[in-house]
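Chains as they are written, first to last, in our numbering: chain A, 1 to 187; chain B, 1 to 738; chain C, 1 to 99.
These are computed hints drawn from the structure, not numbers from a lab.
No residue lacks a Cβ here, since even glycine has one placed at the ideal position from N, Cα and C.
A few chain A residues that face chain C, going by a derived Cβ cut-off under 8 angstroms, partial list only:
no.	residue
1	T30
2	L50
3	L149
4	F153
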Amino acid sequence: MNLMLHAPSQLEKVAFMALAAGVLGFALVTVTRKSAVGALMALVGAFCALAGLYATLSAHFLAVLQILVYAGAIMVLFIFAVMIMNRDEDNPIALRGLFLRATGVIATGYVFYRAAWIVVRERQTDVLSTASTLPIPDYGTVASVGRILFTDFLFPFEAISLLLLAAVVGGVLLSRPSRPSDGGGAI
Amino acid sequence: MFSRLLMIPLVPLLGAAYLILFGRRHSRAAVQTIATLAVFASCVISTDAFFFGLRDSAHGGGISELVYSWFSAGNVVVDLSLRMDALSGLLCLVVTFIGTLIHVYSAGYMAHEEDYPRFFAYLNLFCGAMLILVLGDSLPVVFIGWEGVGLASYLLIGFWYKEHANASAGKKAFITNRIGDFGFLIGMFLLFRATGTLDIPAILDSAKSGGVLAAPLWLGQPVAFWAGVFLFLGAAGKSAQIPLYVWLPDAMAGPTPVSALIHAATMVTAGVYLVARMSAVYMLAPAALAIVAIVGALTALFAAIIGFAQNDFKKVLAYSTVSQLGFMFVGVGTGNFAGCIFHLFTHAFFKAGLFLCAGSVMHAMSGSGDITKMGGLAARLPWTTRVFQICWLAICGVPIFSGFFSKDAILDGAFATEIYGHGLTWVGPLVGGLLLLAAFGTAFYMSRLYFLVFSGPCRADEHVEHHIHESPASMVFPLVVLAAGAVLAGFAGIPPAIRELFGKYGESTMAVWLEPAVGAPLEVSHRTEWLVMGFATVVALGGIGLAYVFFGGGYRAPARAFAKKMPGLVALARDKFRVDELYAAIIIRPLQALCRIVFLVIDRIVIDKILIGGWAFLADLGGRICRFVQVGDVQRYLAVFAIGFAVLVWVAARPAAPDVQIVIEGNNVAVQLVDAEADGGNLTYGFDFDGDGTPDRMGPTPLARWIYGGPDRYTITITIRDERWHTQRTIKRDIEIR
Amino acid sequence: MPGYLYILVSLALFFIGTTGVLLRRNALFVLMSLELQLGAGSLALLTFARGLGDQKGHVVAFFLMALAAAEAAVGLAVVVSVYRTNKTIDLDGVNELRN
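This is chain A alone, in the form it adopts within the complex (with noise of 0.2 angstroms):
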């Protein structure tokens, strides 16, 4: 039933309520916001909750880089591109096909309800039930995630460094200027 062998500490069920609820509340908040900076200041609180659930589950690379890239280049990036268009939102939901969008929304939700039935029921199965000794000692470090990466996953991380060139190729040129009689752009 648990990822535990004994029964999750106090401590630990505390912090996994208040990380849970950190991450739901600012996600709602962002998601419903009219002033997209402060949707952008949700946005962050939920990406560092979000951190703090991954160190939770021992994967302290992540929840590290989670705090690096994410609420910090990701949002810096965001704000730069508020910071540009800073207009308020008079009525922040969109017109155009509501009722099929809606719909969409109540799909997904059926979809959830779908999978979370599922998972409920099957909570006592292996994969969300397993011992909570960490299988290796430095499970989810930097050391221990960096081995794989350099080994098994060297081709996809070499890789990735292709895409992010061809990601900051993309993002200078889409952001030039398109007429040099525009006087340098907006920026």
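Dock chains B and C against chain A, hints included.
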């Protein structure tokens, strides 16, 4: 593969194809040579096949060849096979020989024609098609040739298509023929239905043994009767008998060589050939033959009367052709097949000769055919005059010339026939009498033609008269050959009575030749023969005499007096009894009106507005609806994606549909669900038997039993729940307890 | 903590993200919600990795992170570019894909 018989029609057809494609590249001399050689080659092969091939063949069977296995559908096997026996061989000879002469003549006649290659190509096409018709060994093959000559005739009549009248004449010919073709097809179908085959030898054998074709079909008449009548309808179209003759006079709009070849010697005889070919079938139905004979006789007389008052050279000859064809049909109609073919043979020579003389005269008269403005041409056109005289005497039936013998053969047959049974014995003498009248008429109008054109002073205009000259050698040569034929051909059919005078007993040469194909010739007593010969000669000389009185040396007093006294009659004859106008009123105008209505209603409204516009509207509507999807809005796309995904999940999560087996024994019902993929214990089955909404049996087993109270209709509701996915499926079945 | 709870959190987070992607009008908000969805996916990956004792899930989550970064960069560049031509990033008005 290249067998002898196939070459006979094939060479002209190849010539036609070559000339159509490449004719323009060659000089006139080359074109003419190619075309003439093609037909001449055909003539040579035919001669060889006829005289040597037939001798070697099995008695009476002739030579036959399977050229190509065409198709077989069910029980029908239709092959492209050709057969030459006495009948078809004779016609091959006639077609190719006269065809060659006409090609030579055309070289001179059409010398100024721009579209030279096209003309010769069409001529070759015609010859090829006619030969297929004649040599065909099964009815579909004959029909191919039939249609082919119809096509060639249309093309050639309307050769100078830029004149509207010519194109109309071609159209008229084609359409009138088509009506006849309808009859041909019906006849063909009837024969096929009765005998199960379309091969001519097979059909003829079936006819000779009676049986199937003699069985009654309708109105108490046998199959052979109806087939014969319908086939005759086709023949009437092709061979210009009442009521389908109206195209032939109009066909004179085409070039004169065309008239000579097609509308005198060959194509129009196709109908006669058909009836003669199917002789065995007709012999089973004397009533059909009676109809043929009567129609033929009436046509002969009717056309002759019209010929009395025609003022165009070629039109006179056209009606003469119709009339002579009537003679031939009387021949077949009285069971006198040999006599009829004999007349066909001689007629080919002298009629073609007459037409070519017409061409010569018109050539001399700068293209005009108006005989009211001719006269006195005998001095200026010596060769043409000689030839015309010979052919004229032949067609009048003056003794020694060929027409005398062939007409007599037909008249003998009419008076002496015994094929009509009960109730129809009057037919023979009746048609014989009508033919004698027609022969008188023939002599009269042909003599009128001769006198008005060749004798007396010239009535032409100054400048036309100036240009009158004899035709070039290329035109005169065929004329002479045909004249010779007009004289000599008759000797192939000398009747027995005369033969005896020379110490040769038995039937005429022609009858002997044709016997294997058309059966034994009629028995005619010598007394009848001499009587007929006498009457015919009297009639012929009388006709010529009367014409001389009226027209000798130009329009004489009696002619003018007659025209004054009976202007109505003369006008009626000249206007061909207004038959064309009659047809126009009762057939053509109503049809045109109907077409107009159909066009306006169906074409404009139904097709254009409803069908086309309707589909366009629907397509537009569909497009508009579909356009809603293509909004370019990613969020909407994603929404649809999500909905689709949800649907998939829903479908996948349901329990699989099982196979429901219900066994009813009395009041006991056992329901068994057979599921290909049993889900390993996760499914719960609920069975509701009494329809109260709550399951009466529930559990993990797909099997349930129930006992009903009494006979009635019940609905069993089966619910399958999947606990894992928390989904369920409901199945309803209706059963009846008896 | 019981693993299924983490999965439930991941599902819920994904659902919230989908709501934002489908319903918001501003393109930036859509991108932000997209990030939420990616985060939910990573969470599920890591949960199962922990449950199975396998670190491959970590590696995949790592790559996912890199991808998200690249995608965010390019996506924002596109949004900026669209803003420049249309002076708006209101998705109600911007539907160039149609024509």
